[in-house]
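Number of protein chains: 2
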Amino acid sequence: MRKLSELEGAALGIIARAQPVTPYQVRKIFAQSPNPHWSASAGSIYPLIKRLEEAHFVSAEEHATGERFGQKYALTKTGRKRLRHWILGGDHVKLVGLPDLVRIRVAMMLVLSADEQRQFLTAMEQKLLEALAITRADVTLKAAEKDRDPLSLLISRGALLQTEARLVWIREVQAVMLGPRRPD
Amino acid sequence: MRKLSELEGAALGIIARAQPVTPYQVRKIFAQSPNPHWSASAGSIYPLIKRLEEAHFVSAEEHATGERFGQKYALTKTGRKRLRHWILGGDHVKLVGLPDLVRIRVAMMLVLSADEQRQFLTAMEQKLLEALAITRADVTLKAAEKDRDPLSLLISRGALLQTEARLVWIREVQAVMLGPRRPD
DNA sequence: GGACACATGTAATACGTTACATGATTTT
DNA sequence: AAAATCATGTAACGTATTACATGTGTCC
Numbered sequence: 001m002r003k004l005s006e007l008e009g010a011a012l013g014i015i016a017r018a019q020p021v022t023p024y025q026v027r028k029i030f031a032q033s034p035n036p037h038w039s040a041s042a043g044s045i046y047p048l049i050k051r052l053e054e055a056h057f058v059s060a061e062e063h064a065t066g067e068r069f070g071q072k073y074a075l076t077k078t079g080r081k082r083l084r085h086w087i088l089g090g091d092h093v094k095l096v097g098l099p100d101l102v103r104i105r106v107a108m109m110l111v112l113s114a115d116e117q118r119q120f121l122t123a124m125e126q127k128l129l130e131a132l133a134i135t136r137a138d139v140t141l142k143a144a145e146k147d148r149d150p151l152s153l154l155i156s157r158g159a160l161l162q163t164e165a166r167l168v169w170i171r172e173v174q175a176v177m178l179g180p181r182r183p184d
Numbered sequence: 001m002r003k004l005s006e007l008e009g010a011a012l013g014i015i016a017r018a019q020p021v022t023p024y025q026v027r028k029i030f031a032q033s034p035n036p037h038w039s040a041s042a043g044s045i046y047p048l049i050k051r052l053e054e055a056h057f058v059s060a061e062e063h064a065t066g067e068r069f070g071q072k073y074a075l076t077k078t079g080r081k082r083l084r085h086w087i088l089g090g091d092h093v094k095l096v097g098l099p100d101l102v103r104i105r106v107a108m109m110l111v112l113s114a115d116e117q118r119q120f121l122t123a124m125e126q127k128l129l130e131a132l133a134i135t136r137a138d139v140t141l142k143a144a145e146k147d148r149d150p151l152s153l154l155i156s157r158g159a160l161l162q163t164e165a166r167l168v169w170i171r172e173v174q175a176v177m178l179g180p181r182r183p184d
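As they're listed, the protein sequences go chains A and B. Just so we're aligned, residue 1 is where the first sequence starts under my numbering, counting upward by one. Just so we're aligned, residue 1 is where the second sequence starts under my numbering, counting upward by one.
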């Protein structure tokens with residue numbers, strides 16, 4: 001296998017933490033993550049895990065629940081090695097540059113009418129507020145069990161700090177673009 | 001054309017601002033953007049613009065410089081409409097959730113040895129500092145011409161706020177994961 | 001006039017998405 | 001028993017990436 005894609009690396013990391021897992025569980029973990037940016041559909045996960053298995057990064061183990069049979073996958077040693085290499089060996093310049101779908105739309109906001117601009121910015125502020133609430137809840141949840149899992153708390157904290165920054169920013173945009181003073 | 005991809009929308013936005021432009025110029029603008037997250041290679045841009053043209057979102061105009069002939073593209077009315085719709089009509093939940101390639105790697109940091117963890121976090125902090133410097137320079141640059149183009153300044157400000165937040169966070173991670181006090 | 005960047009593509013490849021299909025388990 | 005959800009896939013499709021190919025303008 002040439003090079004792990006972002007989704008493959010993420011999946012491998014999930015398997016590493018939750019092993020042994022079924023593909024379906026991996027899918028669930030993707031879906032349940034706060035702010036999911038992958039669809040993590042069946043069409044992506046099952047072939048992906050099959051690829052990982054063919055590359056001997058994960059190994060399957062039969063598991064049966066009643067009549068159903070399925071595979072539970074666990075990380076192999078080479079898989080672990082490969083995961084370490086994936087984390088450390090990425091192009092660091094690409095890692096720090098992140099695509100903000102909101103920002104890119106704000107950047108081309110001038111094609112919108114004044115009303116549309118206001119509408120868009122308000123909607124974005126609203127969604128960021130919702131995301132903020134979700135992330136805050138997640139942080140307090142993770143904080144409760146931080147002794148067992150300090151890293152999960154940190155990850156949630158990261159999402160929180162970013163969402164806060166984006167909210168501050170979108171309001172800055174509102175202030176400048178919609179006029180500094182706007183009495184309703 | 002079914003639905004604009006993220007790259008297509010971005011390209012259309014660039015064309016909207018800089019029209020009339022050649023595909024090569026679009027490519028340059030992508031590449032020169034601070035923190036580029038798309039390769040914006042020839043293999044993506046040329047077919048992309050051809051698609052946009054076939055969908056009548058952009059129209060070509062012959063332009064000649066010496067012996068060379070090429071196309072300069074400009075937004076059509078339907079293209080402008082489509083761009084507006086693309087900005088406003090995206091799935092707002094997906095827009096606010098952004099994939100942070102650093103955070104996802106930090107999340108699976110436990111497969112690393114203590115030394116590797118330190119190495120990785122230090123490298124990330126370093127790269128974020130570099131990104132911060134670049135973004136700061138960009139902000140001051142855009143601030144100088146903010147009267148002509150207030151939006152560009154805001155976009156740079158957005159990148160700055162995010163980078164700052166990520167830097168604060170990575171240091172939080174360092175403090176927790178590498179021990180609260182670490183005398184060298 | 002040779003080297004190098006400019007400018008425009010094409011080909012092979014791979015990956016993720018949506019949509020579809022199917023059987024098992026649980027719920028009502 | 002019907003309906004809904006769980007769980008595991010497959011097929012078609014589109015799009016971005018890397019690598020390659022080719023000719024033009026400019027620099028020394």
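Hints in this document: simulated from the structure, not taken from any laboratory. Quantities reported herein were computed from a predicted structural model and do not represent experimental measurements. A couple of the hints might just be wrong.
Beta-carbon label-pair distances, calculated as ranges [what the hints assert, rightly or not]:
hint, chain 1, residue 1, chain 2, residue 2, range
1, A, Gln32, B, Pro150, 21 to 29 Å
2, A, Gln126, B, Asp149, 37 to 45 Å
3, B, Glu130, A, Arg148, 45 to 53 Å
4, B, Gln32, A, Ala55, 13 to 21 Å
5, B, Ala18, A, Lys81, 24 to 32 Å
6, B, Ala31, A, Gly179, 53 to 61 Å
7, A, Ser44, B, Leu7, 25 to 33 Å
8, B, Ser41, A, Lys77, 15 to 23 Å
9, B, Pro150, A, Ala55, 30 to 38 Å
Taking lysine-lysine pairs in the DSS-like style, the calculated list, with each CA pair at most 27 Å apart, reads [unchecked claim]:
hint, chain 1, residue 1, chain 2, residue 2
10, A, Lys50, A, Lys72
11, B, Lys50, B, Lys81
12, B, Lys142, A, Lys94
13, B, Lys127, B, Lys50
14, B, Lys94, B, Lys146
15, B, Lys28, B, Lys3
16, A, Lys72, A, Lys94
17, B, Lys72, B, Lys94
18, A, Lys28, B, Lys50
19, A, Lys94, B, Lys77
20, B, Lys142, B, Lys127
21, A, Lys77, A, Lys127
22, B, Lys28, A, Lys127
23, B, Lys50, A, Lys127
24, A, Lys3, A, Lys28
25, B, Lys3, B, Lys77
26, B, Lys3, B, Lys142
27, B, Lys77, A, Lys81
28, A, Lys28, A, Lys50
29, B, Lys142, B, Lys28
30, B, Lys50, B, Lys77
31, B, Lys28, B, Lys72
32, A, Lys142, B, Lys94
33, B, Lys81, B, Lys94
34, A, Lys127, A, Lys142
35, A, Lys127, A, Lys3
36, B, Lys142, A, Lys3
37, A, Lys3, A, Lys77
38, B, Lys81, A, Lys94
39, B, Lys28, A, Lys94
40, A, Lys127, B, Lys94
For glycine and all other residues, C-beta sits at the position ideal for the given N, C-alpha and C.
Verification of the hints:
In this structure, Gln32/A and Pro150/B break the distance hint of 21 to 29 Å, their C-beta atoms being roughly 40 Å apart. Look at Gln126/A against Asp149/B: about 27 Å separates their beta carbons, and that is not inside 37 to 45 Å. The hinted window of 45 to 53 Å between Glu130/B and Arg148/A is violated, with their beta carbons roughly 35 Å apart. Between Gln32/B and Ala55/A, the C-beta spacing of about 37 Å breaks the proposed range 13 to 21 Å.
For Ala18/B paired with Lys81/A, a C-beta distance near 46 Å fails the hint of 24 to 32 Å. The hinted window of 53 to 61 Å between Ala31/B and Gly179/A is violated, with their beta carbons roughly 35 Å apart. For Ser44/A and Leu7/B, the hinted distance range of 25 to 33 Å is not satisfied, since their beta carbons lie about 19 Å from each other. Between Ser41/B and Lys77/A, the C-beta spacing of about 36 Å breaks the proposed range 15 to 23 Å.
Distance hint for Pro150/B and Ala55/A: a CB-CB separation of about 50 Å, inconsistent with the stated range 30 to 38 Å. With a C-alpha separation of about 12 Å, the suggested pair Lys50/A and Lys72/A falls inside the 27 Å cut-off, and the hint holds. Distance hint between Lys50/B and Lys81/B is fulfilled; the C-alpha atoms sit about 18 Å from each other, no more than 27 Å. As the CA atoms of Lys142/B and Lys94/A are separated by approximately 23 Å, the hinted pair is consistent with the 27 Å bound.
A C-alpha spacing of about 36 Å is found between Lys127/B and Lys50/B, which places the hinted pair above 27 Å, so the restraint is violated. Restraint check: the Cα-Cα separation between Lys94/B and Lys146/B comes to about 30 Å, which exceeds 27 Å; the hinted pair is violated. The straight-line distance between the Cα atoms of Lys28/B and Lys3/B is roughly 24 Å, inside the 27 Å bound, and the hint therefore holds. Taken as a hint, the Lys72/A and Lys94/A pair is broken in the structure, with Cα atoms around 33 Å apart against an allowance of 27 Å.
About 33 Å separates the Cα atoms of Lys72/B and Lys94/B, which puts this hinted pair outside 27 Å; it is violated. Pair hint Lys28/A plus Lys50/B does not hold up; C-alpha atoms about 39 Å apart against a cutoff of 27 Å. Pair hint Lys94/A plus Lys77/B does not hold up; C-alpha atoms about 35 Å apart against a cutoff of 27 Å. Simply put, Lys142/B and Lys127/B have alpha-carbon atoms about 22 Å apart, close enough for the 27 Å limit, and the pair holds.
Distance check on the hinted pair: Lys77/A and Lys127/A sit about 42 Å apart at the alpha-carbon level, beyond 27 Å; violated. At roughly 33 Å between alpha-carbon atoms, Lys28/B and Lys127/A are farther apart than 27 Å, so this suggested pair is violated. Distance hint between Lys50/B and Lys127/A is unfulfilled; the C-alpha atoms sit about 34 Å from each other, more than 27 Å. About 24 Å separates the Cα atoms of Lys3/A and Lys28/A, which keeps this hinted pair within 27 Å; it holds.
Only pairs whose Cα atoms come within 27 Å are accepted, and Lys3/B paired with Lys77/B is accepted, the gap being roughly 17 Å. For the proposed pair Lys3/B and Lys142/B, the alpha carbon gap of about 33 Å is over 27 Å, so the pair is violated. For the proposed pair Lys77/B and Lys81/A, the alpha carbon gap of about 53 Å is over 27 Å, so the pair is violated. As the CA atoms of Lys28/A and Lys50/A are separated by approximately 17 Å, the hinted pair is consistent with the 27 Å bound.
For the given pair, Lys142/B sits about 18 Å from Lys28/B by alpha-carbon distance, which is consistent with the 27 Å threshold. Of the pairs offered as hints, the one joining Lys50/B and Lys77/B holds, with about 17 Å between alpha carbons and a cut-off of 27 Å not exceeded. Restraint check for Lys28/B and Lys72/B: satisfied, since their Cα atoms lie roughly 14 Å apart, inside the 27 Å limit. Of the supplied pair hints, the one linking Lys142/A and Lys94/B holds, its CA atoms being roughly 23 Å apart against a limit of 27 Å.
About 22 Å separates the Cα atoms of Lys81/B and Lys94/B, which keeps this hinted pair within 27 Å; it holds. Restraint check for Lys127/A and Lys142/A: satisfied, since their Cα atoms lie roughly 22 Å apart, inside the 27 Å limit. A distance of roughly 35 Å separates the Cα atoms of Lys127/A and Lys3/A; the hinted pair therefore is violated under the 27 Å criterion. Distance restraint check for Lys142/B and Lys3/A: the Cα-Cα separation of roughly 38 Å exceeds the 27 Å cut-off, and the hinted pair is therefore not satisfied.
For the hint pairing Lys3/A with Lys77/A, the CA-to-CA distance comes to about 17 Å; that is within 27 Å, so the pair holds. For the proposed pair Lys81/B and Lys94/A, the alpha carbon gap of about 32 Å is over 27 Å, so the pair is violated. The suggested pairing of Lys28/B with Lys94/A holds, with an alpha-carbon distance near 17 Å, which does not exceed 27 Å. About 10 Å separates the Cα atoms of Lys127/A and Lys94/B, which keeps this hinted pair within 27 Å; it holds.
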